[in-house]
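Protein sequences appear in the order of chains A and B. According to this note's numbering, the residues represented by the first sequence are 619 to 1020, in order. According to this note's numbering, the residues represented by the second sequence are 619 to 1020, in order.
It should be emphasised that the hints constitute simulated quantities derived from the structure, not laboratory data. It cannot be assumed that every hint is accurate.
Note that the list lumps identical chains together, so a pair holds whenever it fits in one copy or between two copies.
[Stated by the list, open to error] As a list, the in silico EDC-like pairs of lysine to aspartate or glutamate whose alpha-carbon atoms are at most 20 Å apart: (1) Lys725 to Asp702; (2) Lys722 to Glu781; (3) Lys621 to Glu896; (4) Lys725 to Glu700; (5) Lys621 to Asp749; (6) Lys722 to Glu700; (7) Lys674 to Glu657; (8) Lys848 to Glu776; (9) Lys674 to Glu832.
Protein chains: 2
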Amino acid sequence: MKKQAFIEHRTIMTPGPAEVDPRILQAMTNPIIGQFEPEFLALMDEVMEMGRDVLKTQNRWTYLINGTSRAGIEALLSAVIEPDDRVYVPIFGRFGHLMAEIAKRAKGNVHTTDKPLGSIYTFRELQKEIDSFHPKVVAIVHGESSTGMMQPLEELGEYCRKEGILLIVDAVATLAGAPFETDAWKIDGIAAGSQKCLAAPAGMALVSYNERIETLIAQRRKIEQGLDPKSANPRMMPSNYLDLSQLQEYWGKERLNHHTEATSMLYAMHEALRLTLEEGVNERIKRHATNMNAIIAGLEAMNLTVFGDKDNLLPTIVCVEVPENVELHKIRRELVEEFSLEIAPGFGALKDKVWRIGALGYSSRKRNVLALLTALETVLQRHHANIITGQAVPEAMKSYRH
Amino acid sequence: MKKQAFIEHRTIMTPGPAEVDPRILQAMTNPIIGQFEPEFLALMDEVMEMGRDVLKTQNRWTYLINGTSRAGIEALLSAVIEPDDRVYVPIFGRFGHLMAEIAKRAKGNVHTTDKPLGSIYTFRELQKEIDSFHPKVVAIVHGESSTGMMQPLEELGEYCRKEGILLIVDAVATLAGAPFETDAWKIDGIAAGSQKCLAAPAGMALVSYNERIETLIAQRRKIEQGLDPKSANPRMMPSNYLDLSQLQEYWGKERLNHHTEATSMLYAMHEALRLTLEEGVNERIKRHATNMNAIIAGLEAMNLTVFGDKDNLLPTIVCVEVPENVELHKIRRELVEEFSLEIAPGFGALKDKVWRIGALGYSSRKRNVLALLTALETVLQRHHANIITGQAVPEAMKSYRH
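Take these sequences, add in the hints, and give me the full structure.
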């Protein structure tokens, strides 16, 4: 017989899953209620309303997908991309590749460009590609958690709208942790996840889209066969589970039965959005910047090198170069074993070159920042890395005082 | 500012989501840990191992999909169905329609048959269709929660194996609540959910498949573009999120990064499977039968009519006909308002004709059964239904003594 799971508390400074706010864990212990009971529908409506406030949008269609972040990205992309549709994906890290992969599976005619890891696109570069490829859809990552880079979106949104192009954004690494303005930036569709700056467990995606996408979805609408055996549409989406035309009518006033909403995770997201608004979206964004600035001040004081273009760093996740003669995974393991503290390795080409350090949601706390710097300095010193000791924590504290 | 969600405890006697075992809610309050940490990987491995025991299978590939039950069904069907593949779906209720819909979206050449609601197929009927249609895949529901019927699978499994046909089963309404033998019945792929007899919250699907399906999946394997930009396969599956070739390598020893596993829901499923094995799978199945027998004894003593073919009733969910001159939804609302007790309405053609009553997982308790009968009798009496009073609870108690 297996033992009951018992997980010791850890300080989690990775790009996610981040620590969950204890109030969200408490919310999840609410008992089950039927998914069409008025009390549950009211919570769903509140999730939609609070979701709009966090995303800074008036989009009526702002709701949850019962899956992790990429389920939300796939739901959006496969709703707007039909076979042979032209899709441009500017890639600057792993999650751009993911958008391209999803667009290809949706049978889009996908054009991609690449940038050296650690850099982002200028608006002119994007404009040039758009002008020559004439896409129906541009799909782009806002915060690339594989490189620690953030791509500005304002001019791109403006241009796409002017050109009649749909702009779909992956805001998984930025929502509620970096400035993000769905409507002001003219973003048509956006997907984010539960497990980063919203401080909830992984397993839910928040999506939002405007009337332009709603119109497309209406053209591809298909009622489930068990509810209407005659409903047919040759343009229907490839997935039933991620079909936004059905999910829309489940979250909308039709309340058409689709899946059984993940009750406890809905409670979690309700509380996560509520706590975000209680703190204030802008205040939470400021908190992420403050803590990340302190981390960077500390890392640099330690003589470590932050990876990538300094002008476009993510305020939620930073990549830091592994010093010479030090083994990336040995340091990670020792941080866990000695300090119960997690940081993450790199991905792909950066696999052996950087650690990825996040300060997300409930993990974005001064206590965690100082614990990280103390632990990392101690472990690197033990491994004879070429670092400066005794400066990281004082510099971080100085950063907090500014 | 919205208020924190507070849900009052209810007695839930619907086809799901059922009440969650409090020990599972407690397990979900375990803190977050990184998805590739050895402690978390050990829990994933235990989930696979315990999943096999609950499913009565030796299938190596027995793991979770981060989505509700239908995500598991779609993942399986879209893994084995390629465009123009012949798929036979014998429909006997709403969830058969769902399998057909998913198979059509996977671009299968789908043949369906229908039975009057409340009946199931004889093996001869199935055999005849198979012999004339020659499908590659037969997809069938084991427990049809929309009609309360259970379809025997043994002869069908035997025949499909002999004919080289893949048999995919939706065991959402039966797993751990009715006899179910994955290997002995020669089922190739099976999907079930978290929120019924496993007593966990909705939001996770348990899937299992054998080497025959593994071989097909290997032919459609595609490594994610962000991990291997050169990987390509024209036969790749339509979804990245539900791609079993990628999920297999995330749950397998390759540990290839895919989604961020839904940490708290994984804890829930670990505890749900553990509690199922602690009780004993066969003992849990017996408990469901005992409680359902008591419900049916009580309903019939009340002069209510159980819907459908008596020889093939599900031991987990029963449909009961709404008596004349009584309004289905008024009774449901009064049960909630006066007794904090939920039962469910019918679906589709049975929408106004039956209540669906479930006794699933943690909801399958004597206390709940007696509360249901007491409350239903009281409310029906208030509404002048033609029922017999004073007999339901004594008959249910007599049923327990047998």
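Hint check results:
1. In this homomeric assembly, Lys725 and Asp702 come within 20 Å of each other (Cα to Cα) both inside a single copy, at 6 Å, and across copies, at 17 Å.
2. For a Cα distance limit of 20 Å, the shortest separation of Lys722 from Glu781 qualifies neither inside one copy, at 23 Å, nor across copies, at 36 Å.
3. For a Cα distance limit of 20 Å, the shortest separation of Lys621 from Glu896 across copies, 10 Å, qualifies, whereas the shortest one inside one copy, 38 Å, does not.
4. Both within a single protomer and between protomers do Lys725 and Glu700 lie at most 20 Å apart by alpha-carbon distance, with minima of 7 Å and 15 Å respectively.
5. In this assembly of identical chains, Lys621 and Asp749 lie within 20 Å of each other by CA distance neither inside one copy nor across copies; the values are 60 Å within and 48 Å between.
6. For the identical chains of this complex, Lys722 and Glu700 are neighbours both inside a copy (10 Å) and across copies (17 Å), given an alpha-carbon limit of 20 Å.
7. Taking the shortest Cα distances, Lys674 and Glu657 never come within 20 Å of each other, neither inside one copy (26 Å) nor across copies (38 Å).
8. Taking CA atoms no more than 20 Å apart as the test, Lys848 paired with Glu776 passes in neither setting, with 41 Å inside one copy and 34 Å between copies.
9. When the C-alpha separation of Lys674 and Glu832 is checked against a cutoff of 20 Å, the pair qualifies only within one copy, where the shortest distance is 18 Å, while the shortest distance between copies is 45 Å.
The earlier numbered hints that this structure contradicts are 2, 5, 7 and 8.
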